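All chains should be built: construct the whole structure from the sequences, respecting the hints.
Read off the chains here:
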Amino acid sequence: MMQLRIGYPEDRDYGERLEEFEARIARGEKIEPGDWMPAEYRRQLIRMISQHAHSEWVGMLPEGAWITRAPSLRRKLILLAKVQDEAGHGQYLYHAAETLGITREEMVEALLSGKAKYSNIFNYPTLTWADVGIIGWLVDGMAIKNQTMLAQCSYGPYSRAMVRICAEETFHHKQGKEAVLLYAKGSKKQRQMVQDALNRWWWPTLMMAGPHDTDSPHTPLLLRWGIKTKTNDQVRQEFLNEHVPELLDAGLTIPDPDLRYDEKTGNWIHGPIPWDDFWKVINGEGPMNRHRLAARRKAHEEGRWVREALEAYGKRHLAQAAD
Amino acid sequence: MLEAYLKDALVARLTAWADDEVVLAQRLSEWVGHAPILEEDIAIANLAQDELGHAKLWLELRQELDGSDPDRLVYFRDPLEFQNAILVELPKGDWAFTMVRQYLFDAYENLRLKEAAKSAYPPLAEAASCILKEERFHLKHSSLWVERLGQGTEESHRRTQEALETLFPYVHQLFQPLPGDEALVEAGVVPDLKALEAPYLEEVTAHLVRSGLRPPEGGYVPKSRREHTEYLWSLLAEMQSVARWDPEAKAW
Chain A
1 MMQLRIGYPE DRDYGERLEE FEARIARGEK IEPGDWMPAE YRRQLIRMIS
51 QHAHSEWVGM LPEGAWITRA PSLRRKLILL AKVQDEAGHG QYLYHAAETL
101 GITREEMVEA LLSGKAKYSN IFNYPTLTWA DVGIIGWLVD GMAIKNQTML
151 AQCSYGPYSR AMVRICAEET FHHKQGKEAV LLYAKGSKKQ RQMVQDALNR
201 WWWPTLMMAG PHDTDSPHTP LLLRWGIKTK TNDQVRQEFL NEHVPELLDA
251 GLTIPDPDLR YDEKTGNWIH GPIPWDDFWK VINGEGPMNR HRLAARRKAH
301 EEGRWVREAL EAYGKRHLAQ AAD
Chain B
1 MLEAYLKDAL VARLTAWADD EVVLAQRLSE WVGHAPILEE DIAIANLAQD
51 ELGHAKLWLE LRQELDGSDP DRLVYFRDPL EFQNAILVEL PKGDWAFTMV
101 RQYLFDAYEN LRLKEAAKSA YPPLAEAASC ILKEERFHLK HSSLWVERLG
151 QGTEESHRRT QEALETLFPY VHQLFQPLPG DEALVEAGVV PDLKALEAPY
201 LEEVTAHLVR SGLRPPEGGY VPKSRREHTE YLWSLLAEMQ SVARWDPEAK
251 AW
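Quick mapping for you: the protein sequence lines, in order, are chains A and B. Per my numbering, the very first residue in the first sequence carries number 1; after that it's consecutive. Per my numbering, the very first residue in the second sequence carries number 1; after that it's consecutive.
Hints should not be assumed to be uniformly reliable.
[As the list claims (entries may be wrong)] With a straight-line Cα cutoff of 30 Å, these simulated DSS-like cross-link-like pairs (lysine-lysine) come out:
id: 1; chain 1: A; residue 1: Lys315; chain 2: B; residue 2: Lys250
id: 2; chain 1: A; residue 1: Lys174; chain 2: A; residue 2: Lys188
id: 3; chain 1: A; residue 1: Lys185; chain 2: A; residue 2: Lys117
id: 4; chain 1: B; residue 1: Lys250; chain 2: A; residue 2: Lys185
id: 5; chain 1: B; residue 1: Lys250; chain 2: A; residue 2: Lys189
id: 6; chain 1: A; residue 1: Lys174; chain 2: A; residue 2: Lys185
id: 7; chain 1: B; residue 1: Lys92; chain 2: B; residue 2: Lys118
id: 8; chain 1: B; residue 1: Lys133; chain 2: B; residue 2: Lys118
id: 9; chain 1: B; residue 1: Lys250; chain 2: B; residue 2: Lys133
id: 10; chain 1: A; residue 1: Lys188; chain 2: B; residue 2: Lys223
id: 11; chain 1: B; residue 1: Lys223; chain 2: B; residue 2: Lys194
id: 12; chain 1: A; residue 1: Lys315; chain 2: B; residue 2: Lys140
id: 13; chain 1: B; residue 1: Lys114; chain 2: B; residue 2: Lys223
id: 14; chain 1: B; residue 1: Lys140; chain 2: A; residue 2: Lys298
id: 15; chain 1: B; residue 1: Lys118; chain 2: B; residue 2: Lys223
id: 16; chain 1: A; residue 1: Lys298; chain 2: A; residue 2: Lys315
id: 17; chain 1: A; residue 1: Lys174; chain 2: A; residue 2: Lys189
id: 18; chain 1: B; residue 1: Lys223; chain 2: B; residue 2: Lys7
id: 19; chain 1: A; residue 1: Lys298; chain 2: B; residue 2: Lys92
id: 20; chain 1: A; residue 1: Lys264; chain 2: A; residue 2: Lys230
id: 21; chain 1: B; residue 1: Lys133; chain 2: B; residue 2: Lys194
id: 22; chain 1: B; residue 1: Lys250; chain 2: A; residue 2: Lys174
id: 23; chain 1: A; residue 1: Lys298; chain 2: A; residue 2: Lys117
id: 24; chain 1: B; residue 1: Lys92; chain 2: B; residue 2: Lys133
[What the hints assert, rightly or not] Some, not all, of what chain B presents toward chain A, calculated at C-beta under 8 Å:
id: 25; residue: Pro36
id: 26; residue: Ile37
id: 27; residue: Asn46
id: 28; residue: Val74
id: 29; residue: Thr153
id: 30; residue: His228
No lab work stands behind these hints, which were simulated from the structure alone. Only a predicted model underlies this, so the values are computations on that prediction, with no experimental measurement involved. In this text, a Cβ means the ideal position worked out from N, Cα and C, and glycines have one as well.
This is the structure we're talking about:
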C-alpha cells in the first residue's frame, strides 16, 4: 500500500504545506497518491470518486434491464458493450479511490448501507425502449460535460481515469443520439415513444449537474483545489447550448415552456427547475431508490457464497504452492 | 460455390448454431448488472456480446445462401421454429448453474469449431476460425470457474454438483444431427458431430473429476433439436417484445 501523507489543520507545518500544495495546483501540476494533501482534499475526493464509481455500478441497472429486449442484433450488441463499459468505469473508479487509502469493500458497504450516494438520475425508471436512446444522448451527454471537466482535475488518478472514461462515453453519446434521431423520424409509435422519453428525462437530466451555484456549498473549495474546474451552472449551460438546438432540429419538443435563446450571450436559458423533486429523490424518496439499492443488495447477498468459494480456492492454492 | 442440394441443409445447420448462440446470449444478458463481483459483470457482458456476435456471423452466412434477414429470423420467428439445444434455454439459475452450463457449452464449441475450421466451404471455415479465437478465452474462463466452485467451499461444491446433475444429460442433444446433416458431412462442409461426442465426454469428464465433481449417469435426453422446455416461449416473448410491439417500424 502506498504511504499516504495527509495534513491536518492542527499540524505544526500545515500552513506552509498547504501553501506549497495550492501553489502546485495553481501551476497545473497533478497531485499523485504519495504526495502530501490536506485531509479535506482527500475526504472530498473519496466522496466524489466513490460516488462516481457507485453511479456506474448502479447505473448498469436501468439500461441493463433492456438488454434482453433490445429490438435488433445491432442494438443489443451496442447496449451490451455500453453496459459493460459502465462496469469497467466502475472498476477503474473504485481503483482510483483506493489510491486514497480506502478499500473497495468499505465503499461497497457504504453504498449498500445507504450511507453513500450515487447519481440521482438512476433513481428514475426506464419505462420504454426509447429511454435507452435518451439516456445515451442526454444523460451521457451531461455526464460527458461533467467528466471532461473532471479530466482536468488536480488529482492524477482521477484525472487519468476520466480521460479513458470520456473516450468511451463519447461512443455512448453517439449511439444514443443516433437512435433518438432515427425514432424521431420513425413510425408513429416510435415518434410517440421517443417524445415521451424526452418528456420524462429532461428535468432529471438538467438536475444531474447539481444545484445552482448559489446553493452549492462545496463548490468554492473544490474549485480552489482543482477538484472541479467548472461550476454546476457552467456545466449545465454547456449541455444546454449543445443539445437544445439538436433536439429541436430532430423535431422533438422540449418540455420547458420558458426555454429561450438569449441573443446577447448566445446561451439557451431554461425555465425554473423543479428542485423539490430533486431533493426528494436525493433524500431517498425517488421512484426507484429502494429498487436500485435492493437490486444491488440482492446481487451482493446472492454472490456471497461465490466470493467465499473464490477465497477458499485461492487460499488452498496458495498453500499448495508454498508446500 | 456450394452445390444446390446442400444449400437447404446448410441453411438449417447454420440456423441451429445461431439459435444456440442467440438463446445463450439472452440468458447471459440476464446476469449483466447482477453478477457476484463487478469483474464478472464485465466478463459476462463480454460473453453475451461474443455469443451474439457469433450468431450474427452464422446468420450472415445463411443470408449469403438464401437472402434471409438475420434480424427477421431472430425477432420474428416463433418458438417452435427455434432449433437451439435445451441446454442453453434453461433459466439462468445461480452462478454455479450459469458457469457449469457455460463450461459444457464452451467445451463443445471449441471441439466443433476446430473441426469446422477445416470445412470445405471456405466462408464457414473462415467464420469458424474467427469464432474459435474468442471461444478459447470463454473456455479458459468457464473451466476455471468450474474448478474454483467445485473445489471452493462445501456450499459451492454442492451447488455445482447439483447444477451438473440437471445440465449434463442435455449435452447429448448438442451432438444430434439435423435431417440434412449426413450430406453436409459427406461433402466435408460441416464436422460429423456424432464423432465428436466421445472425445467431448472424455475431455469434459476429466476436467469435472479434477474439479471434484461427478458427471451423473442417466437423466432425460431429448431426441432431437425440435424438443424444447416450457421456458423457451417466455424467453423469446421477452426478447422479441419491442421488435414485435410496432410492426410498422421500418428500422430499429
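Each hint, compared with the structure:
1. Note on A:Lys315 and B:Lys250: the hinted pairing is violated, with a Cα-Cα distance of about 56 Å set against a maximum of 30 Å.
2. The hinted pair formed by A:Lys174 and A:Lys188 meets the criterion: a straight-line CA distance of about 23 Å does not exceed 30 Å.
3. Restraint check: the Cα-Cα separation between A:Lys185 and A:Lys117 comes to about 38 Å, which exceeds 30 Å; the hinted pair is violated.
4. For the suggested pair B:Lys250 and A:Lys185, the alpha carbons sit about 11 Å apart, so the restraint of at most 30 Å is met.
5. Taken as a hint, the B:Lys250 and A:Lys189 pair is honoured in the structure, with Cα atoms around 11 Å apart against an allowance of 30 Å.
6. A C-alpha spacing of about 17 Å is found between A:Lys174 and A:Lys185, which places the hinted pair at or below 30 Å, so the restraint holds.
7. For the given pair, B:Lys92 sits about 33 Å from B:Lys118 by alpha-carbon distance, which is inconsistent with the 30 Å threshold.
8. At roughly 15 Å between alpha-carbon atoms, B:Lys133 and B:Lys118 fall within 30 Å of each other, so this suggested pair holds.
9. Only pairs whose Cα atoms come within 30 Å are accepted, and B:Lys250 paired with B:Lys133 is rejected, the gap being roughly 35 Å.
10. Only pairs whose Cα atoms come within 30 Å are accepted, and A:Lys188 paired with B:Lys223 is rejected, the gap being roughly 46 Å.
11. Distance hint between B:Lys223 and B:Lys194 is fulfilled; the C-alpha atoms sit about 14 Å from each other, no more than 30 Å.
12. Simply put, A:Lys315 and B:Lys140 have alpha-carbon atoms about 20 Å apart, close enough for the 30 Å limit, and the pair holds.
13. Between B:Lys114 and B:Lys223, the direct Cα distance comes to roughly 26 Å. Compliance with the 30 Å bound is thereby established for this hinted pair.
14. Our distance criterion of 30 Å between C-alpha atoms is met by B:Lys140 and A:Lys298, whose separation comes to about 28 Å.
15. Taking the CA atoms of B:Lys118 and B:Lys223, the gap is near 28 Å; set against the 30 Å cutoff, the hint holds.
16. Our distance criterion of 30 Å between C-alpha atoms is met by A:Lys298 and A:Lys315, whose separation comes to about 26 Å.
17. With a C-alpha separation of about 23 Å, the suggested pair A:Lys174 and A:Lys189 falls inside the 30 Å cut-off, and the hint holds.
18. Note on B:Lys223 and B:Lys7: the hinted pairing holds, with a Cα-Cα distance of about 24 Å set against a maximum of 30 Å.
19. Under the criterion of a C-alpha separation no larger than 30 Å, the hint pairing A:Lys298 with B:Lys92 is consistent with the structure, at around 16 Å.
20. Between the alpha carbons of A:Lys264 and A:Lys230 the distance comes to roughly 22 Å, so the proposed pair stays at or under 30 Å and holds.
21. The hinted pair formed by B:Lys133 and B:Lys194 meets the criterion: a straight-line CA distance of about 24 Å does not exceed 30 Å.
22. Taken as a hint, the B:Lys250 and A:Lys174 pair is honoured in the structure, with Cα atoms around 21 Å apart against an allowance of 30 Å.
23. For the suggested pair A:Lys298 and A:Lys117, the alpha carbons sit about 18 Å apart, so the restraint of at most 30 Å is met.
24. At most 30 Å may separate the alpha-carbon atoms for a hinted pair to count; B:Lys92 and B:Lys133 meet this at roughly 25 Å.
25. At its closest, the beta carbon of B:Pro36 sits 3 Å from a beta carbon of chain A; the interface hint therefore holds under the 8 Å criterion.
26. The beta carbon of B:Ile37 is positioned within 8 Å of a beta carbon in chain A (closest approach about 6 Å), and the interface hint is therefore held.
27. Taking 8 Å as the C-beta cut-off, the interface hint given for B:Asn46 holds, the closest approach to chain A being about 6 Å.
28. Annotation: B:Val74 was flagged as interfacial toward chain A, and the flag holds, the nearest CB pair being 6 Å apart, inside 8 Å.
29. For B:Thr153, the interface hint holds, since its Cβ comes within 8 Å of a Cβ in chain A; the closest pair sits about 5 Å apart.
30. The restraint placing B:His228 at the interface with chain A is violated, with a minimum CB-CB distance near 18 Å, outside the 8 Å limit.
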